[in-house]
Amino acid sequence: MLVNQFLFLGAILFCIGVYGVLARRNGVLVLMSIELILNAVNINLIAFGAMWSASDAGPNLSGQVFALFVIAVAAAEVGVGLALVLLIYRNRQSIAVDDVDLLKG
Amino acid sequence: MLALLVAQNIAFYVIAAVMVVAAIRVVTATNLVHAALWLVMVLSGVAAQYILLAAEFVAITQVLVYVGAIVVLFLFGIMLTRAKTGRDEDLDNPLPAKIGAGAIGVLLFGVMAYSLWDAWRGDEFGDMVVQRTGQVSDAIFSTYLVPFEVISVLLLAALIGAIVLARRD
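Chains as they are written, first to last, in this note's numbering: chain A, -14 to 90; chain B, 141 to 309.
It should be emphasised that the hints constitute simulated quantities derived from the structure, not laboratory data.
Any given hint might turn out to be false.
[Unchecked claim] Derived lysine-lysine pairs resembling DSSO-like cross-links, with alpha carbons at most 30 Å apart:
| # | chain 1 | residue 1 | chain 2 | residue 2 |
| --- | --- | --- | --- | --- |
| 1 | A | Lys89 | B | Lys238 |
| 2 | B | Lys238 | B | Lys224 |
| 3 | B | Lys224 | A | Lys89 |
[To be verified] Label-pair restraints from in silico Cβ distances:
| # | chain 1 | residue 1 | chain 2 | residue 2 | range |
| --- | --- | --- | --- | --- | --- |
| 4 | B | Ser255 | A | Asp41 | 24 to 30 Å |
| 5 | A | Ala81 | B | Ile191 | 34 to 40 Å |
| 6 | B | Leu145 | A | Trp37 | 16 to 22 Å |
| 7 | A | Gly43 | B | Pro236 | 49 to 55 Å |
| 8 | A | Gly90 | B | Ser255 | 38 to 44 Å |
[To be verified] Pulled from the structure, derived: some chain B residues nowhere near chain A, Cβ distances all over 10 Å:
| # | residue |
| --- | --- |
| 9 | Leu142 |
| 10 | Ala143 |
| 11 | Val154 |
| 12 | Gly226 |
| 13 | Arg227 |
Note that the Cβ used here is the ideal one computed from N, Cα and C, for glycine as well.
Turn these sequences into a full structure, and let the hints steer you where they fit.
Right under this line is the structure:
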């Protein structure tokens, strides 16, 4: 298998996630798009980890450990993010992200 | 060996096609619950790709944490914000913003595709080495011990923060 297969898959997922963050106005859907982006990065980390392990340098687990850290941070991010969305909904009865413009003056 | 390689390639392309379609459906679906369920397909596909890359522990973690916990959290978020369960046309920004977003996405992909192809072209993986769970735990609890401890404190802080934000006073 080519390394580029996985890197291109990650790039496609990343760009779809970026599109989702920019095009969606519902807070929960923006968070879902962020998950797509994080998963794209994880595919890259695992692919590079596998590439390194298969090379002459010998086994190296850095890629997998980094991916596990990203998964843990993503879990924390979704928890806090959904709590924020819930709070916005409670105060404004809407989770459209462009309605949150109190600081705009 | 060649047969295995062909099988791996076929599996990769089938799963990758499913993932890309599902990811596009996540960002275009007009129904919030459907978007969450398409996200499950993408996340399961990512786990399958990890298996193809011989990273078994991360694949299992992906299924447990993402499909098992984060998607359920999303469904709770959808439920608690009393989203419409049917079609909802109000999920997207207006058309000019969507066109701009699409242009940015395509442009970004162009730049990334060019640089990836420029850097790695036809590089092969070589013989894939299965990295066992024991080796992963050895790496976490020796080289990466301090970041591991930091991340447990981070999770605790996020837990407390989420509770403080979401509770009703």
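Verification of the supplied hints:
1. Restraint check for Lys89(A) and Lys238(B): satisfied, since their Cα atoms lie roughly 22 Å apart, inside the 30 Å limit.
2. Note on Lys238(B) and Lys224(B): the hinted pairing holds, with a Cα-Cα distance of about 22 Å set against a maximum of 30 Å.
3. Among the hinted pairs, Lys224(B) with Lys89(A) is consistent with the structure: their alpha-carbon atoms are about 29 Å apart, no more than 30 Å.
4. Distance hint check for Ser255(B) and Asp41(A): the Cβ-Cβ separation is about 25 Å, which falls inside the suggested range of 24 to 30 Å.
5. Between Ala81(A) and Ile191(B) the C-beta distance comes to about 39 Å, which sits within the given range of 34 to 40 Å.
6. For the hinted restraint 16 to 22 Å between Leu145(B) and Trp37(A), the CB-CB distance of approximately 20 Å keeps it satisfied.
7. At about 53 Å, the CB distance of Gly43(A) to Pro236(B) agrees with the hint of 49 to 55 Å.
8. Checking the proposed 38 to 44 Å range against Gly90(A) and Ser255(B) shows it holds: the Cβ atoms sit about 40 Å from each other.
9. Every C-beta of chain A lies more than 10 Å from that of Leu142(B), the closest at about 12 Å, which supports listing it as non-interface.
10. Distance check on Ala143(B): its Cβ is at least 14 Å (rounded) from any Cβ of chain A, clearing the 10 Å threshold; non-interface status holds.
11. Consistency note on Val154(B): stated as away from chain A, and its beta-carbon is indeed over 10 Å from all of that chain's, at 12 Å minimum.
12. Under the 10 Å C-beta cut-off, the non-interface status given to Gly226(B) relative to chain A holds; the minimum distance is some 14 Å.
13. The Cβ of Arg227(B) lies farther than 10 Å from every Cβ of chain A, with a closest approach of about 13 Å, so its non-interface assignment holds.
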